[in-house]
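K.L.:
Each chain, letter by letter, is given below.
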Amino acid sequence: MDTLILSRIQFGANISFHILFPTITIALGWVLLFFKLRFNATGDEKWMQAYRFWVKVFALSFAMGVVSGITMSFQFGTNWPGFMETVGNIAGPLLAYEVLTAFFLEAAFLGIMLFGFSRVPGWLHTTATFLVAFGTTLSAFWILVLNSWMHTPAGFEMRDGVAHATDWMAIIFNPSMPYRLTHMLLASGLTVAFLIAGFSALRWLMGDKGAEVRATLRFGAWMGAALIPVQIFMGDLHGLNTLEHQPAKVAAMEGNWETRSNVPLLLFALPDEETRSNNFEVGIPNGASLILKHSADGVVPGLNDFVLEDGTVKHPPVAPVFWSFRVMVGTGLAMLALSWSAVFLMRRQRGPEGLPKLWLYGFVGMAFSGWIATLAGWYTTEIGRQPWLVNGVMTTAQAVADVPAGMVASTLFAYLAVYAALIVAYMGVLTYLARKAARGEGVPTREAPLAPEATVRALQPGE
Amino acid sequence: MELFGDPAVWLPLAFAGLMGLSILIYVVLDGFDLGVGLLFPFAEDAEKDRMVASIGPFWDANETWLVMAIGLLLVAFPTAHGAILTALYLPVAVMLIGLILRGVAFEFRAKAPLPHKGKWNAAFLVGSLMTSLSQGFMLGLYIMGLQYTLATVIFGAITALGLTIAYSFIGATWLILKTDGALQKNAVEWAKGGIWGIVLGLGAVSAASPLVSPRIWDKWFSVPEIFLLAPLPIMSLALIALLWVALRRLPTRDDSFAWFPFACGTALFVLAFFGLAYSFYPYVVPEQLTLYEAASAPESLMIILIGAVIVIPVIIAYSILAYTVFRGKATELRYD
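Sequence lines, in order, name chains F and S.
According to our numbering, the residues represented by the first sequence are 48 to 510, in order.
According to our numbering, the residues represented by the second sequence are 5 to 340, in order.
Mixed in with the good hints there might be a few duds.
Said to hold, decoys possible - Capping the alpha-carbon separation at 27 Å, the derived lysine-lysine pairs in DSSO-like fashion look like this: (1) S:K189 - S:K333; (2) S:K223 - S:K121; (3) F:K361 - F:K93; (4) S:K121 - F:K483; (5) F:K93 - F:K340; (6) F:K483 - S:K333.
Bear in mind the hints are in silico, worked out from the structure with no lab data behind them.
Same shape as in the complex, but just chain S (with noise of 0.2 Å):
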């Protein structure tokens, strides 16, 4: 197997892509349905179960992306899995929890006696939280390069923020892609705030990571990479003003545009995302260990890696059937 050159080089690579991508997806589709769970304290009761109709039948496979990166770095990097973990074991604790109340309110909150909806409605938002929190928090201590100093946790506080308005602005606009009605005028209004936070969210990061790492400020600011590399801040600024101008505008009297602050939302996440792999390549644990130092035997990645060119047509082949299935306005979800 010399098709490609060598395979102790392409193969962490590929792999790198491949979590990189599943990474990318599962920030996107956990992001809307985290997101949903955020905007519960600014909704009605009644609206409440609207929004979890727009996640139930999704929120299960966005979350297996979750086992696929996590899964994907533990075959493929075992040794940066280890590092990584163990430095967030506090924060990885908090998201499982979080994750654990998050899913079983989405059954619990509809089985369970009325009088104890209230109670499972809350442990969805506080799983969310729980969950969007730490997963933030990770993020900045990841860029911080995995150290616990009072200015790390400071950062670390920063982007848990960042990220917790993140979710719930994507969130906001998948409830006007999946809503419509007085619902849907709440999500135009709570998609405008959450731009502020994206804002802030996406500043801070970019402002921190150059400075506290001087490989990134290498990266980023000579020349001629500083030219090539405008892009990126250019587009995700236009990608807000268009949005900024979009939402004033929605919801439109015949529905239309309502997918355009999701698609614009994901494309923001897109563009931040390439930005921060760029920032941290080759580096899987950030200035510790490259990909390369940190890859499985080249042999049990093939095996994996002939699997996976197989198969992954097939998941996002019935994913696409799924959001077909479920497409258009969110409906009640009944059994029958």
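Isolated chain F (complex conformation) (with noise of 0.2 Å):
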């Protein structure tokens, strides 16, 4: 393998591992703040037994995020040198937006929400945890603007092969921002909906059926059914975006080859780039036609047209794009099923008690699947803007760095072992976590562990 490859699997590896932690601590804050704003509104205990769980999963999450976006700032010069010196005048200042607006504020204010507790006023603490839910999602939106440029830039000019921003304006509010970060931020929302509802129905099945889980799983399944349709929708209109400024993205996710009129939507093949065509077909008649042009005999754009005359290959590769597509779109649909079902039989029954166990194991196995849900959406939209680094403005072969590739396999090797501990540690100890407090133990602090009355304090509302 070569060092682009190897390059390449490494930034995707480090990308990836980075995003499940993100995509946990964006939409935790703002759940932290509701679970903290719901105590300080009803003085009810059980909200802030919530908060000192999830704030645990938090700081964890937290901490594994912030290494591993490190390890990424770093990856761009010992990698990728090429993309600084080509689009640094517009990639440079998003960056260094992010670090000043929202990296900073996370950080300090991040040792208040966890330590602060008894040490500040109430407002502060929970003006804290409002700061730095606000600060992850301004670093969402700080590098998702990045993201979406690469996609489809726009407001600069080439001079003397390198890039200089003309209109700041049109580079943040560039054509697939809006579409991109929403997508994400629900994506963050389901994730952390399926996590709070897995380990809540981990916790009612090891028999911890207080008034905590009980409105936790209450609200994890609430919140699923909520986002999941708007997601659906949401994502609907971020595929017509994609199909107007990346059309060969489109092609590939939805399998076709060549430009024409009532395309099926395709629910299995196996694309082959060799023979150009699909084996074992199984599609709808008319479907994508109908969901990409909203008519039957809508033209839908083919891989070929993106093959230059010289045999140039400029489209992606289709299997991954076309197979993580799918991944994501099934564990999406898995998402509605389970948490409108779960929705539907809590109303009947006035709560948990009406979720049959098959339900209760459903949210335990799903615990996860927003990860793979996001990761098969990056998957999708990543690989299918290959083979350009930024759309039409340089490939992503343009910006390897020249170092030896036996380099690179052996770093890409540490990572790799590093992070495949890490992802094993931190599934365990959450788990450790939900059983310690099933069984009533308390949470142990960083420091110490914590003697079961103590996690019981008396609080007033509001402080």
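The two chains are supplied separately, each in an independent frame; assemble them into the complex guided by the hints.
P.N.:
Here is the structure:
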């Protein structure tokens, strides 16, 4: 394997590992603020218990996100120097604004949010929670502006092979940004909804049927049920936007080789780039035309339009995009089925008792389903941008560093080993925390395991 | 915007200043919390919780200065960023894995089942060690002009050791400030040991850099520079002497002057930093690329500078708030 493909795998591995944790912290910050505000309003201790349990998950996820994020800021230079040399005038300010406005805000108030509860007035603790949630969302905003600009670049001109900004509003509000940002924020919300529902269901199955678990199980299921239809609608809009600006990606997602009308929606196929056709196609007639053009005889672009006369392929690899897209949509549909049926069952029986065991196991099994859908979605859009790094401006191959392949391979191996160990540890610790909470032992603080009675401290609303 | 003359001249300088400031703040702040990790092998298990508690609320914001520094290098001097980081590919990877291990060990050591705590303590130490050693090694190679020869690698190994000891020294002074009792007494002993490392490290860098670079030699050892710069080494020596005297008398009965070693340590870091900055100006990649050649387009730099000028005072304000909330001796960190 050469340096290019190894570097791509390495960056792909790093960013895949990284995105797992911001996906949790972006929405979990707001959920924690909700728990805190409910507690302030009602004085019901269950909300503060929920806050204390989930703030630990937040702290752990935040640390994982920070350290894997630092890795990426260095890899721009170590592996992809061509990127900043060509589009640094645009990417630079966007990244700088992320660090200046978001990173410091999150980092400074995280300490107060985690450990300041008994040190600062209640309003300041609530404000710190708000600022951390706001900071994570702001950070997502800036990074998605940059990512969207790489897909649909606007507001710049090329001088001597280097991009120069001409219109910052056009750069920030580039054509795909509103869709991509909303799609990602909703993905974060769904990830957290199913994480909370999953671990609450796990505690319920372990016999922890107290007020806190009851509240968080309902909360997670309702949040998932409320967000998933919005996400499906938003995903459709995002797809139409992609059709307009990156037709090659949509052609790969649909597995459509020839530009034509009446294109079926493929449920299964094995795309083959050698023969430039699909094997074992199973599809719904006219489906893709209906979804993308809203009419049965709508014309859908085909992959063969993106092969130059000399045979150079200018469309993304088909099978990974085709399959990632199906994994994402399939996970979304499973989320829809589970959350809606669970909400229906809980409403009929007035609470989690209405859920058959199968549904509880379903939630446990789907606890990390948001991760699968998010990763699959990112693979669809990022692999779908290939061979471009910045669509139509520079290819990925132009940006790669001239470092020996062996060096990239050895560091890749080291990163993969560390990441695999950390994912296992992360999931293990979350399960351990849930089990401890279910046993009523309280959850250890960062410093010392805490006595069970110490978890419940008399608090006044608004404290 | 011709207010200060040609922006192509002063903007790169302003960004070099901002980047330097970020590196300096990073080295002092993350220096003390890396140092606390490096001192783990000398501490009892029970003391480790308090040591971590003394840095727990701060480490994340401290590391953000590293992202800021590398971000400024990335955005203001993109060609230099590529040249430096590809040359330092392996040490950067070692540092990053170190930072990952360390950052997650903070959380895992307290949340994992008790029998696993020892392993996470080890991960915390190994992560701190990997980070400090690789940063020191990178500093050494940078001074040597980013060339890999036997001599430069040996020099890199010396600076790696020097910076690691310097970090553990400032970590020990932080513990003198933030703890009391037996742990504070131990920290004083650790700091005493660390001074020798500082003398060795500063001495090695000061002796080697003029020897490898005739340019640096000229910058320091010509008249009148040698007299104008004389206060720098003299002040460093005076600070080391003061530290030695102070550490022999600490801890005092009423805990007065517990802040003194940390303040002196910080001052030493600042002096060393200015010495290095003076040696390398105007180069951002030693002997290859000046900061004027490496700078981004002025209009992009201006956009960032406007944001930075507005936001940095705010960042400093809430950093002070965070340090104020968690002032005083470190107590057990709790979520309630």
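K.L.:
Against the earlier hints, flag every one the structure doesn't satisfy and list their numbers going up.
P.N.:
Numbers 2, 3, 5 and 6, in rising order.
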